[in-house]
Amino acid sequence: MSIDTLPKLLMEKYREYGEKKISMRRKDYGIWIQYTWKDYYEYAKYFSLGLIKLGLAPGDKVAILGENDPEWYWSALAAQSARATCVGIFPDSVPSEVEYIIQNSDTVFAVAEDQEQVDKMLEIKERVPQVKNVIYWDPKGMYAYRKDPFVIDFYYVVALGREYENEAPGLFEKNVNEGTSDDIGVICYTSGTTGERQKGAMGSQKYLVAAGESWCAVDKWSPEDDYVSYLSPAWATEWELGVSSGLRSGATVCFPEKPETVQTDIREIGPKVVFYSARMWESLNSTIHAKIADTIAPFRFIFNSCLKIAYKVIDARFEKKQAGLPWEVLYKLSDWVLFRYVRDRIGLSNIKWAYTAGASISPDILRFFHGIGVNLKQIYGLTEALMNAVHRDGDIKPESCGVALPGNELKISEDGELLVKPPACFSGYYKDPENTKKQFDEDGWIKTGDAAYITSDNHLVVLGRIKELIDLGDGNKFSPEFIETRLRFSPYIKDVMAFRETGRPFVIGIIVIDYDNVGKWAEDNRINYTTFADLSQKPEVSQLILKEVARINSVVPDWSKIKRYVLLHKEFDADEAELTRSRKLRRAFMAKKYRVLIDAIYSDTDEVVVEVPVTYRDGRKGVSKGVIKIREVSGA
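Counted the way the numbering used here counts, the sequence shown spans residues 1 to 636.
Don't read these hints as lab results, they were simulated from the structure.
Heads up, some of the hints might be wrong.
As the list claims (entries may be wrong) - With a cut-off of at most 25 Å between alpha-carbon atoms, the simulated BS3-like pairs for lysine-lysine come out as follows:
#1 592 / 629
#2 397 / 584
#3 258 / 291
#4 312 / 291
#5 561 / 477
#6 467 / 584
#7 625 / 593
Just need the whole structure built from these sequences, with the hints factored in.
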């Protein structure tokens, strides 16, 4: 049997390992529950048969809506085993977003985690009549729904599948064996950063299997490795890592109990492999630095001294040089005295590979984590082509995204756009041939929309979205991401949008403070505050952030310096469409939403009253009001 689909790969692992090896761990009520490869296979098998009994046919769509859990994986492989297609939906999507994806994808079954997700489906039920059932896997709060035939328990469907096997023996195995590499296994919806409606990128089984093959050819995951599944499989990257590479390597996939406990759970797991978004690494960096700042002076001195030693060694390694024996010895000592305890506190004491993707990350973040002994590597990829480049062990350049993965080709077009040709690309946008055609150039290369260049040693350096680069008219181009990523290195800055329109004289910034870290700083300095909005406008906080902005201004070209900025009275919010569900800025939307604020920053006024429309998770609409001070950076 040729292993050209994920269900065939699952069947192979089941035959190889059976009950001899753990395939998954899930924390539930504080206890780690283990599942063997036999469990993985049988849950996928019987849920698949149960869906067929309920009416699932080849080519149908099964949407999955919930946090990462074994049932997410089982449902996905079950659908694919029936030659149906899995459609992932981010768990924090609001009902209108769920409705759009369900309608656009022609979903006929929805698998939902819990009451919250089921309620979203019930709210839109009348507008998605093609959906036959919503199937939940977490029974908490579901007792009142027991008489609704539209709502079914996941494990009831599994039991139904066991019964159906008696009626149709060998059907599951027949379906798996008849699956082909051309079957559409998944539809992943694009992030919609440009403000357009999300497009459903169809991924074939060839696309999914090739992803795991090329990945494991670079970083050779083993059956002894533990991988933490935290980022939603609604994001294509999790399909390449957690699903495809997990099946390819036989690694154990671990599921934290809930997002709020991930750091505690990861400490208990001690994983070999983790994948966090750039925002999560920034948050982790901020937390570490804030905690260090809150310690006694002698410990701060030790930490800063050890970090200077680490940077001396790591910077030399980045340049493929040796810092010298004395520095190497001091670095080993620093690791033994300090850094190993830091890694343990963040759950990365056993880490072999740590990854980031989805948005640019500051070179300072990469440098810091390598300094404390975390092998953090930047990935470049896009939904239409999965992952195309990654740092190699021993060949890290903080400003780059590494070199091309095996089978991937990269080139730069005449206008500076990155073009990619992976071993297997997406099969087009669902029901959208016009945009599918636009995604390719005349030679069949995928257009990424990113401005980039390739160095002499084949490292890919991404400058930002072409649409977001500002031509300053003097030969320079301004990349907002360049300064944003560096500002987010600060423990006191959670988010920022740098902005400079064509024809405007300077760069401005809309900055969001890190409420936890700034709040702790305010308490330590006896600064009273009541709310986020109140804290953000305190003069002392303004001075704190001013120092961070001035620090970044000191190391960037004059035409990239932020001259005026505001501290926003609220956080950027994906529910308000300010961020995508993968936490990328929707810059065009933000420029329209905050037009009054942007114009005020460019004027001579020193404060502005803002009224921002908001939509709450329950659908209610309101207005967020605030008086925002406009700050100026001297010397910028």
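For each hint, the structure was consulted:
1. As the CA atoms of residue 592 and residue 629 are separated by approximately 20 Å, the hinted pair is consistent with the 25 Å bound.
2. Distance hint between residue 397 and residue 584 is fulfilled; the C-alpha atoms sit about 23 Å from each other, no more than 25 Å.
3. Of the pairs offered as hints, the one joining residue 258 and residue 291 holds, with about 23 Å between alpha carbons and a cut-off of 25 Å not exceeded.
4. Taking the CA atoms of residue 312 and residue 291, the gap is near 23 Å; set against the 25 Å cutoff, the hint holds.
5. Using a Cα cut-off of 25 Å, the hinted pair residue 561 and residue 477 holds, with the two alpha carbons roughly 13 Å apart.
6. Distance check on the hinted pair: residue 467 and residue 584 sit about 15 Å apart at the alpha-carbon level, within 25 Å; holds.
7. In summary, the hint linking residue 625 to residue 593 is supported, as the alpha carbons are separated by about 13 Å, within the 25 Å threshold.
Comparing the model with each earlier hint shows no violations; every hint is respected.
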